[in-house]
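These protein sequence lines map, in sequence, to chains A and G.
Counting along the first sequence from 1, when you hit position 139 you're at 127 in our numbering, and nothing is skipped either side.
Heads up, our numbering is the position in the second sequence plus 21, with the first residue counted as 1.
Just so you know, these hints were derived from the structure itself, not from any lab.
Note that this is a predicted model, so its numbers are computed, not measured.
Each hint should be verified, as a subset may be incorrect.
[To be verified] For each label pair, taking beta carbons as the anchor points, the in silico distance ranges come out as:
| hint | chain 1 | residue 1 | chain 2 | residue 2 | range |
| --- | --- | --- | --- | --- | --- |
| 1 | G | S542 | A | S95 | 47 to 55 Å |
| 2 | G | V520 | A | H159 | 55 to 63 Å |
| 3 | A | S47 | G | H337 | 27 to 35 Å |
| 4 | G | L395 | A | S95 | 50 to 58 Å |
| 5 | G | A564 | A | Q104 | 41 to 49 Å |
| 6 | G | R575 | A | L224 | 36 to 44 Å |
[What the hints assert, rightly or not] Below 35 Å or equal to it, Euclidean Cα-Cα: the simulated DSBU-like pairs (lysine-lysine) are:
| hint | chain 1 | residue 1 | chain 2 | residue 2 |
| --- | --- | --- | --- | --- |
| 7 | G | K135 | A | K199 |
| 8 | G | K423 | A | K78 |
| 9 | A | K166 | G | K423 |
| 10 | A | K197 | G | K535 |
| 11 | A | K166 | G | K574 |
| 12 | A | K170 | G | K574 |
| 13 | A | K197 | G | K574 |
| 14 | G | K437 | A | K64 |
| 15 | G | K135 | A | K57 |
| 16 | G | K36 | G | K348 |
| 17 | A | K173 | G | K135 |
| 18 | A | K78 | A | K156 |
| 19 | A | K(-7) | A | K166 |
| 20 | A | K(-7) | G | K567 |
| 21 | A | K197 | A | K(-7) |
| 22 | G | K135 | G | K437 |
| 23 | A | K78 | G | K567 |
| 24 | A | K64 | G | K332 |
| 25 | G | K348 | A | K78 |
| 26 | A | K170 | A | K199 |
| 27 | A | K166 | A | K64 |
| 28 | A | K57 | G | K574 |
| 29 | G | K574 | A | K78 |
| 30 | A | K5 | G | K574 |
| 31 | G | K437 | A | K173 |
| 32 | A | K15 | G | K574 |
| 33 | G | K423 | A | K15 |
[Unchecked claim] Listing some non-contacts, in silico: residues in chain G with all C-beta distances to chain A over 10 Å:
| hint | residue |
| --- | --- |
| 34 | A88 |
| 35 | L329 |
| 36 | F410 |
| 37 | W545 |
| 38 | T559 |
| 39 | I568 |
Note that CB positions come from ideal geometry on N, CA and C, so glycine has one too.
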Amino acid sequence: MIEIKGLSKSYNRGEIKAVENLNLEVKPGEIFGFLGPNGAGKTTTIKMMVGLLRPDQGSVSIKGFDIQKDPIEVKKRIGFVPDQPEVYEKLTGLEYLEFMADAYEVSRERRLERMQELLETFQMENAVFDLIQSYSHGMRQKIILIGTLLHDPEVIIMDEPMTGLDPKSSHALKEMMKEKCKEGKVMFFSTHVLEVAEKFCHRVGIINKGKLIALGTLEELQNQAQQKSSLENIFLELTKS
Amino acid sequence: MRWKNFWHLVKLNVKITFGLSAWLYYYRKKDRRFWGGLGIFAIILVSIAPLFYLYLRMVQETIQNLAGTGMEGVVITSGAIIASILVLVLGIAYVISAFYFSNDLDFLVSLPFKPAEILGGKFIGVLVSEYLTIAPFFIPPVVIYGLNVSGGLLYWIFSVIIFLFVPVIPMVLASLLVMVLMSLTNLGRKKDLLRFLGMILILVIVMGGNFYLTRLPEGQEMEFIMGILEDPDGLISFTGRVYPPSIWITRALSGQTPGSQLSNLILFSGISVISFGILMVGADRLFFQGLIGGREISAGRKVRPGLLERKTKARHPILSISIREIKILIRVPIYLFNSVFILVVAPLALFFPLLMGTGGMDINEYIGIVDPDLLILGGIGFFGLMALFGPALSSSISREGKLFRISQVIPIPPFKQILGKLLSGFFISLLVIPLVFLAAILYIPWSLGEIVLISFLGFLVAFPLMGFSLLLDLIRPYFTWQNPQQAIKQNMNVLFAMVGGFLFLAGLGWGALKLLEIGLSITWIYFLIGILSLTTGTLIMVALFKIAPERYKRISL
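The whole structure should be built from the sequences, with the hints applied where relevant.
Below is the structure:
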C-alpha cells in the first residue's frame, strides 16, 4: 500500500542529510509507528510522502501511484494530519469541513453522515459553527482530524496526531485507527509517545540522523537490541549515538 | 518604560520587519535568495525611476517659477505634507496590523515587558519602514531646494534631523486613533466588522478634514488667492494649514534667520518627542485593552438541531476555492481594507478634484465638452484601473502563508485552484459595476447599453491584468510575513503587478487614442480592445496553467 524506495533528501547543497536512502513498505491493514528523536527526519519523510517536499532521490508510491508522477491520484487516496494544527482561522469549523469535503468531492449525503459521526466522536457538534480562531489547540487538532477523515481515506498519514488531544479524543482516535485497519486501511504516524507505539502499532520504524536504524514488530526490535526490554529502552539504546 | 527592554524590542522588530537575520543567513550560506532579493530591489528602483524623474522635474520647475517671490520654500511644505499624510493614511493599516495582528504577540505578551515597551518596539519597526515610504517624496524637495539656495552645512544637518522626525507625529496620531478604536471595539462577535468600519471612519475624518482645511471661501476665491500670493509667507501658511508641523519644517529649513530656523527645528523635534511620550503613556493604559482577548470569540454555545443539515451543501471544487478566498478576504479587516474598500477609495481619490469642481469648472460642464466615445473608453479604462488597485490577486498565493500546505495536499489540481482564485478576483471586480451605474446616474449620461458595453469590455481588459497579477504571485510568493499587512504591503508582487498592468493599460489607451485620431470607427476600436485583451489574457492563462502544477509541487514551506 505504501512503498518507499531509496528516499533521500538533503539541505544546504547536500551538507545536511535529512533523510538518507530510506526503504520501507507498509501493508494494508497495518498500523505503522514512525519514531525518532527531534530532527531525525520524521517530518521530512512525511512531507515527501504527501507531496509537500520533493525528494532528491527515490520514490514514494501509495496504492501503486507515485506521488511525484500522479500527485492528484495519491492525494485522493490519503488523509494527512500535519504536526502543527494550523488551519484557516477566519473560517468556521463547518466552513473548513465543507471546503475539505468539496476538495475531496464528497457528496452532500455522505459528508453529512460522516460529519455527524465524526463531530460526535470528537465532541465538536456545537463548536463546529464557531470561527476556528476561537478554538483551543486541541480543538484545532480535532477539526483537522475530522477534515482528514471526512472522505474516508485508504491511507492515513499523521505527524504527531495525539499532541494536544484530550484523553477522550485520543482514545477515540486510537479506537478509530484500529477499526480502520480492520477494514484494510493503512495508518502511518509519527509519535514521541512510545507507549502508544508499543501498545498500538503492528510495526515500528526508528529513524535517527536521517537513516532508518530499526524496523519491525516490537518482538523483532527486542531481538535486535542487546537486552529484551521496553520500546523506550530500545529507542534510547538505538539512538544514543 | 525600561529603555534596555525597549531597545531589545526595537532591534527584534527591525530585524523581523526587514528580514535582516534571514538576509544575513542567505548571504553567509551563499543562498541565491540573497542575490534574488537584491535583484528585486534593483528592479523596483528601475521601474519607479521614470515617475521619480518627473517628480524631480516638477519640484525644480516650481522652485524656478517661484524664484524671487520668497515662496520657494513651499516645495518643502508640500513634500512634508505629502509624506505626513501618506504616513497617517497608510500608517493606520500598518499600525493596526503590526500592533494587533502580528504572529509574535502571544509570545511577547507572555514575557515580562510593559505594554509601552512592546508597542514602542513595534512602533519603531513600522517607523523605519515608513522612512522608505516617505524618502522619495520628502528628500527630493529638500535636496533640490538646498542646491538652489546653496544651503550651508547647517541646512543639511537640519535636513537630516527633520527627515528622522517627519513620520513621528503622523504615526503617533495613527497609533493613538488605532489604540482607541481597538479598545472600544474589543467586544462581541462582530468586532472585526466594527474595526473595519472604524478604520473607514478614521479615513473619512482624515480626508474630510483635509478637504475642509484647504477649501477656498465661496464667492471670494480670487481675492483669497491674491491675498495668499501677495504675502511671501502666505502660500506656505495656506498649504501648511492641512498639517501645521509642515510649516515648522519649512521654516526650520528656509527661515529668514538662523535663530528662526533653530527655534522651528526645536519646536518640531520637541513636539515629535513629546507626542511619542504621550503615545507611550497611552500605550500603558490602552494597548492591552484592545489586544488581550482580541482573538477570542465565545465558543461552545448550544446550537439548534438540524443546523448542520441546513448548512451543508456540496459545491464544485473551483467554486469552493473562490468562496474560501472571498470569505477570508472579507473577514480579515486588513485584507478587506486593502483589497475591497480600496475599490471605493481609489475612484474617490482619483476623481475628487473633478467632483469638487476645480479650476472654476463644474464637472457637468467638463463632461459636456468631452467626446462621448472618450468617456466610454475612460469607463473601460476605469475597470482596468480598479483591477490594478486591488491587490486581491497579486497577493492571493502569498496571503495563504503557511497554510499553502493545505492547497498542496488537497486533491484539487493546481489549475483548478488557480481558476478558483481568478473567479474570486472576478467576483470582487463586480463591485465596480455599481460605481459605473452611480457615475451614469450622477454625472455621465450613459445609456444602459453603454453601461453593458463598458462592463463587458471592462472585464475583458481586467482579465489579463488579473491573470498577470496571479502569475507574478505564483512565480514568487511571499510566505514569510509576520502580520497580514505585510502579506500585501511588503509583497513586491503587488507593486510589480501594478506597474506591469499600468503599462498594459497605458499602451491600450494610447493605441485607442491614436486609432481614433486616424479616424478608425469606434466599433472597430472596441473590437480591437476586446480581442487584444482576450488574447493577452488567454496567453497568460496558458502560462499560468503550465507552471502551476510545478510551482505547487516545488514550493516548500
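Please list, smallest to largest, the hint numbers that this structure does not respect. 7, 10, 15, 17, 22, 35
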